[in-house]
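There are 2 protein chains.
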Amino acid sequence: MSTALLTDRYELTMLQAALADGTADRRCVFEVFTRRLPHGRRYGVVAGTGRFLEALETFRFGTTELDWLAAEGVVDDRTLAYLADYRFTGSIVGYAEGEVFFPSSPVLVVEGTFAEAVLLETLALSILNFDSAIASAASRMTSAAVDRPCLEMGSRRAHEQAAVAAARAAVVGGFVGTSNLEAGRRYGLPTIGTAAHAFTLLHDDEEAAFAAQVASLGAGTTLLVDTYDVHRGVERALAAAGTGLGAVRLDSGDLGGLAAEVRHQLDEAGARETKIVVTSDLDEYAIAALAVAPVDVYGVGTSLVTGSGAPTCGMVYKLVAREGADGELAPVAKASRDKTSVGGRKGAARRLDAEGRAVAEVLVEGRDVLVRAWPDAEEADDAGDLPDASGGSAGSASAGSGGRLRPLHVPLVADGVVDPAWVGAGGVEAAARRHRASRDELPRGARRLSADEAAVPTVKLELGA
Amino acid sequence: MSTALLTDRYELTMLQAALADGTADRRCVFEVFTRRLPHGRRYGVVAGTGRFLEALETFRFGTTELDWLAAEGVVDDRTLAYLADYRFTGSIVGYAEGEVFFPSSPVLVVEGTFAEAVLLETLALSILNFDSAIASAASRMTSAAVDRPCLEMGSRRAHEQAAVAAARAAVVGGFVGTSNLEAGRRYGLPTIGTAAHAFTLLHDDEEAAFAAQVASLGAGTTLLVDTYDVHRGVERALAAAGTGLGAVRLDSGDLGGLAAEVRHQLDEAGARETKIVVTSDLDEYAIAALAVAPVDVYGVGTSLVTGSGAPTCGMVYKLVAREGADGELAPVAKASRDKTSVGGRKGAARRLDAEGRAVAEVLVEGRDVLVRAWPDAEEADDAGDLPDASGGSAGSASAGSGGRLRPLHVPLVADGVVDPAWVGAGGVEAAARRHRASRDELPRGARRLSADEAAVPTVKLELGA
Chain A
1 MSTALLTDRY ELTMLQAALA DGTADRRCVF EVFTRRLPHG RRYGVVAGTG
51 RFLEALETFR FGTTELDWLA AEGVVDDRTL AYLADYRFTG SIVGYAEGEV
101 FFPSSPVLVV EGTFAEAVLL ETLALSILNF DSAIASAASR MTSAAVDRPC
151 LEMGSRRAHE QAAVAAARAA VVGGFVGTSN LEAGRRYGLP TIGTAAHAFT
201 LLHDDEEAAF AAQVASLGAG TTLLVDTYDV HRGVERALAA AGTGLGAVRL
251 DSGDLGGLAA EVRHQLDEAG ARETKIVVTS DLDEYAIAAL AVAPVDVYGV
301 GTSLVTGSGA PTCGMVYKLV AREGADGELA PVAKASRDKT SVGGRKGAAR
351 RLDAEGRAVA EVLVEGRDVL VRAWPDAEEA DDAGDLPDAS GGSAGSASAG
401 SGGRLRPLHV PLVADGVVDP AWVGAGGVEA AARRHRASRD ELPRGARRLS
451 ADEAAVPTVK LELGA
Chain S
1 MSTALLTDRY ELTMLQAALA DGTADRRCVF EVFTRRLPHG RRYGVVAGTG
51 RFLEALETFR FGTTELDWLA AEGVVDDRTL AYLADYRFTG SIVGYAEGEV
101 FFPSSPVLVV EGTFAEAVLL ETLALSILNF DSAIASAASR MTSAAVDRPC
151 LEMGSRRAHE QAAVAAARAA VVGGFVGTSN LEAGRRYGLP TIGTAAHAFT
201 LLHDDEEAAF AAQVASLGAG TTLLVDTYDV HRGVERALAA AGTGLGAVRL
251 DSGDLGGLAA EVRHQLDEAG ARETKIVVTS DLDEYAIAAL AVAPVDVYGV
301 GTSLVTGSGA PTCGMVYKLV AREGADGELA PVAKASRDKT SVGGRKGAAR
351 RLDAEGRAVA EVLVEGRDVL VRAWPDAEEA DDAGDLPDAS GGSAGSASAG
401 SGGRLRPLHV PLVADGVVDP AWVGAGGVEA AARRHRASRD ELPRGARRLS
451 ADEAAVPTVK LELGA
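So the sequence lines, in the order shown, correspond to chains A and S. Just so we're aligned: the first sequence equals residues 1 to 465 in UniProt numbering. Just so we're aligned: the second sequence equals residues 1 to 465 in UniProt numbering.
If you're looking for bench data, these hints aren't it; they were derived computationally from the structure. Everything hinted at is true.
To give an idea of the chain A side of the interface with chain S (calculated C-beta under 7 Å), a few residues:
| hint | residue |
| --- | --- |
| 1 | 201 |
| 2 | 332 |
| 3 | 335 |
Don't be surprised by glycine CBs; every beta carbon is placed ideally from N, CA and C.
Same shape as in the complex, but just chain A (with noise of 0.2 Å):
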């Protein structure tokens, strides 16, 4: 299926005049970024990229888009040309799946004409608004989780293919499993999941229910126990699967208190080794204020599919620097005061002190994005080429020197090439080890749930010629 329609008409009638006027070949870089965190949070999470690189392979006009614009009049004849023959042939560079970014931090960097740029906007910004809001999400949740399993099942409050990109992106954000049976078909995530309340007022009485459910799902299954009275909803799942039940759910009430009485009804009952799942509107405080509850695993639904209060990142999607007229290329940024940019083409590092810890978000201007795969970035000498800054614009004393630094772009596509790695099931994966390495860099204080400011302050490093 085309992706190319998943796009704002702007784009296409800015592609029109561009042609018309000679501009649309102009060399071009766009920058993703968000102007500011969501309220109180501390760091965001990128995720989406692999996404939305699948989705830049099926970014093509075939004869049903092209037709309906024909039929509509959306463009001209000239550009429907343009458009039967559209492959974006630049290259991008971004940050890693998976790697945290503050405010600025310029997250995926689009280079090519304008024409074939331009038309990209709508679709990243889709992709990766909505899979960082969920991922951002994710990640204040299994942190405050800490070691305990958290589960996705919030399909049912979110777009039914918005649920699929969520319960991806929630594995990016740490996550284990989920409910979407789709999101494992596409992605290879493991799914879970039993019985609702509906399996067992469909039965005569809650005997029946387990007593079938045990049948055919086996012992190592989850009952849920809340459907009539707890207590009894447990001294039942015991009869119904012996000691070796797999687990019970709650889903009501007060999910501290009664995951401590059944806590201990089990043990009573010898069934030590049968975990307790929680479920019921649970969020990152709510997580929290169970750490001391005798709870196994967490399963997360309209919160995090929703984002936990920020459905969108707020990210945009801005030229920053373009060939004039003269061929070269110029920096460009609006000059509106609320809504100020900064011009120009952008590298990014992570500055770590000694310890290994982030410090700073720096922006490297006036030079060529540095990029370097991950792995490489891990080793400190090889940015060595950068020199320690004297202070930045926005950044402490400490932000802006010492330690060392980390690069933050890796190339994505490269003349127009996706590099598969970040693609499929292996590119999750990958994103998911290493959202956990990039939060365990972040400052001690990062993790807490408490609003704040961003963990690190962004600094623009200025190297001159």
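Given the coordinates of chain A, work out where chain S should sit on it, guided by the hints.
Here is chain S on its own, set in the frame of chain A:
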């Protein structure tokens, strides 16, 4: 493309266990409703019904789906065989798309065997929860805009497919167009858009950009005048297009103040017909605040596609009645205190006073679902067979009696056959018209933006045997 795996795993494992113990064939009634409106909201808007019916027609387990389920061991062979032949053969009634709803309104009622109906839970909720959240936000915005048109421009802040659904739902809620091309193609919606700041920045100066745009798109285009200085931008816009310029767009700064200045400048120059379009993080409150400014069109993005603070409706899909061992359909409900639901199949009607204003949402228990097609529903006398109620569990005296009852359920699917009136472009158009009528019927205070209770109480009408 099949929609069958856009489903939580537990729907399939419940199916497996029910097939094994013979309960899968029990006749069931599932109801979609929401326990409460988002904080402060006075009504919700049903949207997504048409999309759900389209998705139902491709809810088929083909080779791709079955092979994956088999390889993963999600369900046993018997269940796979059932899924291979799956077709929904039951019946669905619901609120017509565009209709307003309140807490407990049974917006969709699905009747069939447990097996065929339980499988639809996730898909139905994903679609209705997302689309209704967007339409509900859209309705507040178009209400605040009174008779000024609102345009949907939020694709970049939503998942790329959710963006298409959001555009559709926005139109159900009163928006007159969208920037999203795929939404235009798929649902016949008007699409809009001309240029972004990137187009101005691409050029060596604003004059060149405006000249190029007018040359290509005509003087009737909309020029974005705030890239550098608004006053000079307007001068240059008029120089490029003349006083026949279609519109100028303001996307930053104090929109109200700027609109007044720009209107004055345009009028002074003789461009009295040139319109002013404003965009820039608008929501219903910002739109209301601009009521006194000389603004012609509102373009709304982020806030719309994220539901203006309520990105999901919290609708649930609950088993409310099922055939027992005795073959009788019996009401069922979960007992937990914080998530009660009312068992039993329920009809629904809106009680209108003598002036045709809604005074209550009436749930009719203890009898078959009351169904009437929309046009007939406006015939007061047709509902005359429903006796006046003498009060309800939650309503005022006036809510429970007097006036007339307008039935709310319409047939959507009969014996597995989808009524084509609800799908495609025609379905969207009809839903938008219906929403206007339904909103106009609400009590006068219902359209206030300030936080308050549901505009009318939901009452239960007990008809006895």
